[in-house]
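A.B. asks: Sequence:
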Amino acid sequence: MRIAIHSGLTMRGRVDGVVEQVRRVAEFGLAGYWAPMLTGHDTLTAFAVAGREVPDVELGTAVVPMPLRPPYALAQQVATVQEAIGGGRLALGIGPSHEALVRDAFGLEWPPPIAATRRYVAELASVMAGGDGRRVVVGGDPTPILLGAVNPAMAALAAEAASGVVTWAAGPRTIADVIRPALRDRPAGAPFRIVAALPVCVTDDVAGTREHVHAVLGANDRFPSYRKVLRREGVDGVARLAIVGSPDEVARRLDAFAASGATDFAAHVLATTDADAERTWEFLAGRAAARGDQR
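Residue 270 in my numbering sits at position 263 of the sequence shown, and the numbers go up by one each step.
Certain hints may be false.
[Said to hold, decoys possible] Label pairs and their calculated CB-CB ranges:
no. : residue 1 : residue 2 : range
1   : D262      : G137      : 28 to 34 Å
2   : G137      : G241      : 42 to 48 Å
3   : S133      : E60       : 29 to 35 Å
4   : A107      : G137      : 22 to 28 Å
In case anyone wonders, no lab produced these hints; they're calculated from the structure.
Here a beta-carbon is modelled for each residue, glycine too, at the ideal position from N, C-alpha and C.
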């Protein structure tokens, strides 16, 4: 299981800060850098800048809300970023988002998510491949499509139409009981990535860190799709699911993800002190080096 970083800096920081985080991923020998696109900066544009500054690191969206981009517009942007950074380093995670965000933040109608995602992925893949007489005339490498999926119907669609899934607020139980079973009908040997993202902190202050995780990220627990997966995992919020504790405890929890079938783990480092943040980065780098992760 490859170890990467997940960060929300594109939503609340500056582009220079994203570049510095990506550079840090490279310096620490981690496998990649995953970021959402919602408020704040356009993550794909930030990736174009960071990827030109920092070679070799994989850059993944986790995820681009589909309502923000028509399929042709997203295909065009993705092809441009892929050419700009080179090496096929961009992985495209997309998802339907959440009804409250689509209606209230984006000011758009909320379509049935499974049917809308099926149509969107088919059209996006067709445009990216030059199908139906439409072609984005930009160079660059092919871009894998991953779906944000934590529940059975979306996992089944990802297994049918995508190259992988990205999860948030999901634990090993969801990967083992929902994601992996959805892959049974895929052709033998067909690659499929399972990228799991959760808050991580190596710390002695477990209670204080969980309170901090809840303060920063707990608002997302209200979304229906996350409530379902949190109930499945037997917790009441992402703060309880976060991987927090001693190095041995964090290692044990990461081992559980690897055993469940996750191919990648994207750690959202969230700490109450700079010292704990640094301990966590160093721990993740050591684990990546011990496992021989390759970018």
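A.B. asks: Each hint: holds or not?
C.D. replies: The hints, checked one at a time:
Between D262 and G137 the CB atoms are about 43 Å apart, so this pair departs from the stated range of 28 to 34 Å. Range check, G137 to G241: about 46 Å between beta-carbon atoms, so the 42 to 48 Å window is met. Checked against the hint of 29 to 35 Å, the C-beta distance between S133 and E60 comes to roughly 33 Å, which is consistent with it. Checking the proposed 22 to 28 Å range against A107 and G137 shows it is violated: the Cβ atoms sit about 36 Å from each other.
Hint check: violations occur at hints 1, 4; the rest are consistent with the structure.
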